[in-house]
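Novice: First to last, the sequence lines map onto chains A and B. Residues 1 to 256 (my numbering) are what the first sequence spells out, left to right. Residues 1 to 297 (my numbering) are what the second sequence spells out, left to right.
It is worth saying that the hints were derived from the structure and are not from the lab. A portion of the hints provided could be inaccurate.
Unchecked claim - Mimicking DSSO-like on lysine-lysine, the simulated pairs with C-alpha atoms at most 27 Å apart in a straight line are:
#: 1; chain 1: B; residue 1: K176; chain 2: A; residue 2: K71
#: 2; chain 1: A; residue 1: K70; chain 2: B; residue 2: K176
#: 3; chain 1: A; residue 1: K147; chain 2: B; residue 2: K164
#: 4; chain 1: A; residue 1: K127; chain 2: B; residue 2: K176
#: 5; chain 1: A; residue 1: K7; chain 2: A; residue 2: K171
#: 6; chain 1: B; residue 1: K164; chain 2: A; residue 2: K91
#: 7; chain 1: B; residue 1: K164; chain 2: A; residue 2: K127
#: 8; chain 1: B; residue 1: K87; chain 2: A; residue 2: K70
Claimed, not checked - If you want a taste of the chain B side facing chain A, the calculated C-beta under 8 Å gives, among others:
#: 9; residue: D130
#: 10; residue: V131
#: 11; residue: K166
#: 12; residue: A170
#: 13; residue: A173
#: 14; residue: E179
#: 15; residue: T181
#: 16; residue: G182
#: 17; residue: V184
#: 18; residue: G185
#: 19; residue: N187
#: 20; residue: T188
In this text, a Cβ means the ideal position worked out from N, Cα and C, and glycines have one as well.
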Amino acid sequence: MSLLSLKSVIKRFGGLTAVNNFSTDLQPGELCALIGPNGSGKTTIFNLITGIYAPTEGKIFFDDRDISGKKPNEITRAGIARTFQNIRLFKGLNVLENVMVGHHLRLKSDPFSAVFQLPGYMAEDRKMHQEAYELLQAVNLAHLADKEPTALPYGQQRKLEIARALATHPKLLLLDEPAAGMNPQEAEELMEFILHILKNFELTIFLIEHQMRVVMGICPRIIVIDHGEQIAEGVPEIIQNDPRVIEAYLGVTENA
Amino acid sequence: MTFELFLQHLANGISLGSLYALIAIGYTMVYGILRLINFAHGDVVMLGAYAAFYGAALFLLPWYIAFPLAIIITAALGVIIERIAYKPLREYPRINLFTAAVAVSFLIENLGIVIFGGRPFAFTRPEFMDVNLSFGKTSIISYTFIIIITAGILFAILLYLVNKTKAGMAMRALSKDIETTGLVGVNTDRIIMFTFALGSALAAAGGILWATKFPQINPLMGVMPGLKAFIAAVLGGIGNIPGAMIGGFLLGISEILIVAFLPSLSGYRDAFAFAILILLLLFRPNGIMGEVQAEKV
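Excised from the complex, chain A in its bound form (with noise of 0.2 Å):
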């Protein structure tokens, strides 16, 4: 049974169609690579997922129930969570505090429960920031807890960002272009984090990398796109080979 599906999707802007009858399917713990040059609809096909956008036509099933448009936060409470490409931090909240609106889905008690400190409003503040806290010690940000997000480091940032979609205790996760900007070391150590939580936090992961040395390090299947459309899938031996990959990547070779 699969975890992520995605039939015959179609996203049209006006006259330009962004995402063209694309179709895939992710397997529950796989890790898998969307990868295709700038414009191809990669972003789009995550904007779909998470509900951003609704699907012109098609359909996408997560864990069987029918998501095609629904709202970003009844998505993300089936199970999916995202980073985004450029790095989007609440600025004004601290690193704890980031992380505590990713529980925020899970909370029973509502806004006026708060205003008359209910003990079962008390009790759930507690609880959730515990497991804010221990999130963050799961991925070596607790030290920076009381910190304004924008003076950590970049890799501290995406892995804070990561940290913030893990707290919304997601089945699947998706990554767009999480090494983006990161220097080769970073990057390293970011593929090396990704494997850590796909096995911790049992995961699915679903990424967009621009950077082939972590999409070819760790990703056991990749998908390819180019105008919105699927051109090539599978292992990265055979990507790497496929003669359409190098088309839309290099441009066409002219015959002499």
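With chain A's structure known, arrange chain B on it following the hints.
Specialist: Quick look at chain B alone, frame taken from chain A:
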């Protein structure tokens, strides 16, 4: 001016300032999360005063029931306004929301004239707010202090809610990035509702206290306080809650003191508020507490 008279004016200015601050918070919170200037907010102030008036004068409820009840009813009305007039427009350009806010404002004012009548009503202060307190040569009526104390308590509750609770945390996250907040699982609709409820509750408290200070209510009574509170919110740096409080006090105190020191200019009282706004914005375009926007490269 004698020192006693100065103290009297100062107390008056602080109480007026706390009313502006109470109302300004609603503007600033809604702007913070939706980037909307809710022009109907001043009319929500009026609804709060009328709800209290009807509870006390028509249904003869004691003040300690009528006033909290009025606050709850007004909070609910604020949420209804958001649901009906603003929520359906959220995905569209900001100008649509803004136009809707102006429309809601006119609608409430004119419905007010139809339902409550255009004639002003006298608002009766509860007895404990009408006690004449003498401090040496200074005498101040108790409502002045009660307004300041009540506002102070409400500010403390609000700051606690926003800074220490989960809903407040979600509100702060939402004001930074609404899309990401939804994507980490926060039900953004509910947090927006909560924000409107909170802002309208404070506006109702402001309206009721306003009516105890200036004990005459009419359907257009919210216009001027609303406008002044908006100025206060901009002065403080719109979107910033402590800024709205500071802006409110600054405006209230300076308005009263300018007139106190220069009585011949008392006819220009309202003009001062706008003059202060223009001056401040010339030198600090983001307000007192506003973040200076870094230019994006």
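Novice: Each hint needs a verdict: does it hold in this structure or not?
Specialist: Right, here's what the structure says about each hint:
{"no.": "1", "hint": "B:K176 with A:K71", "result": "holds, 19 Å"}
{"no.": "2", "hint": "A:K70 with B:K176", "result": "holds, 23 Å"}
{"no.": "3", "hint": "A:K147 with B:K164", "result": "holds, 17 Å"}
{"no.": "4", "hint": "A:K127 with B:K176", "result": "holds, 25 Å"}
{"no.": "5", "hint": "A:K7 with A:K171", "result": "holds, 20 Å"}
{"no.": "6", "hint": "B:K164 with A:K91", "result": "holds, 16 Å"}
{"no.": "7", "hint": "B:K164 with A:K127", "result": "holds, 15 Å"}
{"no.": "8", "hint": "B:K87 with A:K70", "result": "holds, 17 Å"}
{"no.": "9", "hint": "D130", "result": "violated, 30 Å"}
{"no.": "10", "hint": "V131", "result": "violated, 30 Å"}
{"no.": "11", "hint": "K166", "result": "holds, 6 Å"}
{"no.": "12", "hint": "A170", "result": "holds, 6 Å"}
{"no.": "13", "hint": "A173", "result": "holds, 4 Å"}
{"no.": "14", "hint": "E179", "result": "holds, 7 Å"}
{"no.": "15", "hint": "T181", "result": "holds, 7 Å"}
{"no.": "16", "hint": "G182", "result": "holds, 4 Å"}
{"no.": "17", "hint": "V184", "result": "holds, 5 Å"}
{"no.": "18", "hint": "G185", "result": "holds, 3 Å"}
{"no.": "19", "hint": "N187", "result": "holds, 5 Å"}
{"no.": "20", "hint": "T188", "result": "holds, 7 Å"}
Hints 9 and 10, counting from the list given before, are not met by this structure.
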